[in-house]
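Respectively, the protein sequence lines represent chains A and B. For the first sequence, this note's numbering gives the first residue as 1, with consecutive numbering after it. For the second sequence, this note's numbering gives the first residue as 1001, with consecutive numbering after it.
It is worth saying that the hints were derived from the structure and are not from the lab. Even for Gly, the Cβ is constructed at its ideal location relative to N, Cα and C. Incorrect hints may have been included.
[Unchecked claim] If you anchor each label on the Cβ, the simulated ranges turn out as follows:
#	chain 1	residue 1	chain 2	residue 2	range
1	B	Q1097	A	P145	39 to 47 angstroms
2	A	D52	B	M1001	40 to 48 angstroms
3	B	K1201	A	Y37	33 to 41 angstroms
4	A	E29	B	K1118	36 to 44 angstroms
[Claimed, not checked] Restricting the straight-line Cα-Cα distance to at most 20 angstroms, the calculated cross-link-like pairs of lysine to aspartate or glutamate (DMTMM-like) are:
#	chain 1	residue 1	chain 2	residue 2
5	B	K1191	A	E92
6	B	K1154	A	E205
7	A	K99	A	E29
8	B	K1131	A	E173
9	A	K90	A	D119
10	B	K1191	A	D172
11	A	K191	B	E1158
12	A	K201	A	E5
13	A	K201	B	E1158
14	B	K1002	B	D1034
15	A	K201	B	D1166
16	A	K131	A	D172
17	A	K118	A	E92
18	B	K1118	A	E193
19	A	K201	A	D96
20	B	K1130	A	E205
21	A	K99	A	D89
22	A	K191	B	D1119
23	A	K2	B	D1166
24	B	K1090	B	E1005
25	B	K1201	A	D172
26	A	K154	A	D143
27	B	K1118	A	D166
28	B	K1191	A	E158
29	B	K1191	A	D119
30	A	K2	A	D96
31	A	K118	B	D1166
There are 2 protein chains.
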Amino acid sequence: MKLNERGLLIVISGPSGVGKGTVRRALFEMTGHDLVYSVSMTTRAPRPGEIDGVDYYFVSKETFLERIKNNQFLEWAEFVGNYYGTPLDKVEEQLDQGKEVVLEIEVEGALQVRRQMKDAVFIFIVPPGKKALYERLRERGTDTPEMIEKRMRKAESEFLLAHKYDYIVVNDEVHNAADRIMAIIRAEHAKTERTIHNYIKMLGE
Amino acid sequence: MKLNERGLLIVISGPSGVGKGTVRRALFEMTGHDLVYSVSMTTRAPRPGEIDGVDYYFVSKETFLERIKNNQFLEWAEFVGNYYGTPLDKVEEQLDQGKEVVLEIEVEGALQVRRQMKDAVFIFIVPPGKKALYERLRERGTDTPEMIEKRMRKAESEFLLAHKYDYIVVNDEVHNAADRIMAIIRAEHAKTERTIHNYIKMLGE
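Given the sequences, and given the hints that come with them, work out the whole structure.
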């Protein structure tokens, strides 16, 4: 029996290189949940095979700018001439349907979301140490030593933003981290501030 | 990897007849946890076979009253001439050892604990409806119709104290309820306010 029927907006973020994407994928591979991705909106042209509403919502630049003006994004950014954003109305629709909407985004975007969605759940994924992060970046083998240095410096400044999040989850092992996030989702649904309204309604019946 | 090494004080409470004891037992039957009961202190004489420090801490009335004066109980009550209480120092010792200390107590006692332990986790167990509670009390077969009526009236007034708790857990099915409590314990350990101190320490290493 669910006292809170509305879905949760789960924001998964953390320093670059920490393995956010891997943790998110492990989370979605778990069973018995109602997790969905949030589909981004973009002004970039669809690539062959991309489906509107599945891969992205494809819109014109005019529409996008109009939406920015009307505060219709949870967060947005410009990247090499194209706009990308998380459409607020689409997220709200899914939350109303009882789905848990998962946003895996960079620290900067997460802080934008924080300002608009007070009742979202903010999870900061961290490595089990600075050395572990360095090793991970090195083992990935995609970056030059200079790029790794640059990423480490960026991570150093992002590390300090942990206090802006509700939870800190160590990515020591990806399934452990996913398990912890699942526990957080279950616990958040039981929180008094989310359940008391329906609880009182239930007593009246 | 545990960022919060200290145990949690978990207070399980709720209206009488809701099945707190059953839920607690189901919780302790689960594996992979570090849950312990809190042992009460009492002035009543030990019964044959009862072991000091296991069943109760047996103390004199003088000791007990002295401890009340010194604020050394999380909660206490007098019952037919004997005193019963939860000793604060013993609980703190177990928390320091990383154990999760579970207190299953009546609503009144829980509110006493709230005043002293700001960082304890307060869980309110509720029935899936008033009717369900009535049926449960009736099926138990231990109470007369008048006692059931009295219990229902007491429950009615206790129902309204839900907002003083951190979480509301519906006891629709005992294993569901225990699962939810376990998720709450895991999530609470990941809360930023409990983890940030060790997280910062870890970064410095």
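Against the structure, the hints:
1. Q1097/B to P145/A: 39 to 47 angstroms: 45 angstroms, holds
2. D52/A to M1001/B: 40 to 48 angstroms: Roughly 42 angstroms apart at Cβ, these two residues keep to the hinted range, so it holds.
3. K1201/B to Y37/A: 33 to 41 angstroms: 35 angstroms, holds
4. E29/A to K1118/B: 36 to 44 angstroms: 38 angstroms, holds
5. K1191/B to E92/A: Roughly 25 angstroms between the alpha carbons, so the hint for K1191/B and E92/A is violated.
6. K1154/B to E205/A: 18 angstroms, holds
7. K99/A to E29/A: The hint holds at about 16 angstroms.
8. K1131/B to E173/A: 45 angstroms, violated
9. K90/A to D119/A: Holds: K90/A and D119/A sit about 17 angstroms apart, inside 20 angstroms.
10. K1191/B to D172/A: With a Cα-Cα distance of about 17 angstroms, the restraint between K1191/B and D172/A holds, given a limit of 20 angstroms.
11. K191/A to E1158/B: Holds. K191/A to E1158/B sits at ~18 angstroms (cutoff 20 angstroms).
12. K201/A to E5/A: 13 angstroms, holds
13. K201/A to E1158/B: Since the Cα atoms of K201/A and E1158/B sit roughly 16 angstroms apart, the hinted pair holds (cutoff 20 angstroms).
14. K1002/B to D1034/B: Roughly 13 angstroms separates the two Cα atoms, so the pair holds.
15. K201/A to D1166/B: Satisfied, since the Cα-Cα distance of roughly 19 angstroms is no more than 20 angstroms.
16. K131/A to D172/A: Holds, at roughly 12 angstroms.
17. K118/A to E92/A: This hinted pair holds, its Cα atoms lying about 13 angstroms apart.
18. K1118/B to E193/A: Measuring from Cα to Cα gives roughly 18 angstroms; hence the hint holds.
19. K201/A to D96/A: 18 angstroms, holds
20. K1130/B to E205/A: With Cα atoms ~8 angstroms apart, K1130/B and E205/A stay inside 20 angstroms; holds.
21. K99/A to D89/A: 14 angstroms, holds
22. K191/A to D1119/B: 15 angstroms, holds
23. K2/A to D1166/B: Roughly 16 angstroms between the alpha carbons, so the hint for K2/A and D1166/B holds.
24. K1090/B to E1005/B: 18 angstroms, holds
25. K1201/B to D172/A: 16 angstroms, holds
26. K154/A to D143/A: 14 angstroms, holds
27. K1118/B to D166/A: 18 angstroms, holds
28. K1191/B to E158/A: Within the cut-off at roughly 18 angstroms; holds.
29. K1191/B to D119/A: Holds, at about 15 angstroms.
30. K2/A to D96/A: 14 angstroms, holds
31. K118/A to D1166/B: This hinted pair holds, its Cα atoms lying about 18 angstroms apart.
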